[in-house]
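Trainee: Given next are the chains, with one letter for each unit.
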Amino acid sequence: DVVLTQTPVSLLISLGGQASISCRSSQSLVHSNGNTYLHWYLQKPGQSPQLLIYQVSNRFSGIPDRFSGSGSGTDFTLKISRVEPEDLGVYYCLQRTHNPWTFGGGTKLELK
Amino acid sequence: QVQLQQSGAELAKPGTSVKLSCKASGYTFTSYYIYWVKQRPGQGLEWIGYIYPGNGGTYYSEKFKGKATFTADTSSSTAYMLLGSLTPEDSAYYFCARLGYWGQGVMVTVSS
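Just so you know, the sequences run in chain order A and B. Positions 1 to 112 (the numbering used here) are the ones given, in order, by the first sequence. Positions 1001 to 1112 (the numbering used here) are the ones given, in order, by the second sequence.
Everything labelled a hint here was simulated from the structure, so no lab data went into it. Quick caveat: nothing in here was measured; it's all calculated off a predicted structure. From the three backbone atoms N, C-alpha and C, an ideal C-beta is built for every residue, glycine too. Any given hint could be a false lead.
[Said to hold, decoys possible] Residues from chain B that face chain A, not an exhaustive set, calculated with beta carbons under 7 Å:
(1) G1044
(2) L1045
(3) W1047
(4) Y1059
(5) S1061
(6) S1091
(7) F1095
(8) W1102
(9) G1105
[What the hints assert, rightly or not] Away from chain B, derived, C-beta distances all over 10 Å, residues of chain A:
(10) T5
(11) S10
(12) G17
(13) S68
(14) R82
(15) P100
[Stated by the list, open to error] Taking CB as the label site, the calculated pair distances span:
(16) A:G17 x B:S1075: 30 to 40 Å
(17) A:S28 x B:T1058: 21 to 31 Å
(18) A:P85 x B:G1100: 31 to 41 Å
Here chain A stands alone, though its shape is the one from the complex:
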């Protein structure tokens, strides 16, 4: 199975600051069709996860441009600029290039 390693496990950020989360895969996430199915989710306390970024760098509908995704192959990054209180929660990466799909362990974003 593909292992996704997220770092850091927790992140203390000041309001208005920038956060960066890494997701490293144990194997390439490039599908045979050329697409890379690496997505980012945010789970706010007491809520279902919500999709932020799909296929590495595409913002989902309604997601502000403060969120950006980048990377290729096995290394991916989610950046959050100008952090706001509504950004707090646990961030997960998900790969669905290979079966079984797998999640990263999560990164908890908290306010400093």
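Starting from the known structure of chain A, fit chain B onto it as the hints suggest.
Mentor: Only chain B this time, still in chain A's reference frame:
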């Protein structure tokens, strides 16, 4: 708008089964995978598997083979997950999802 409405909380005895439902609306049910995710309180997300309602095809993570069974009723746009031979380790929130959209989750508690 796309919605996934899950059934209510379940309290079950060890050794029994529960069948969770996930009613989809706002899109063509047969055109998207529905996947299921487990989350124990305070823990990360664990991918169980998926069903493709278009043809009924399923895939299960190795850990959940024999534990979970997916079905879909295209006439009612509803996906189901049967969890069998329940143990206390099955106590968790269970989410159904398709790309971009998640159900609200359902808590399953296994206790004698």
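Trainee: Please flag the earlier hints that this structure goes against, numbers listed from lowest up.
Mentor: 6, 15, 16, 18
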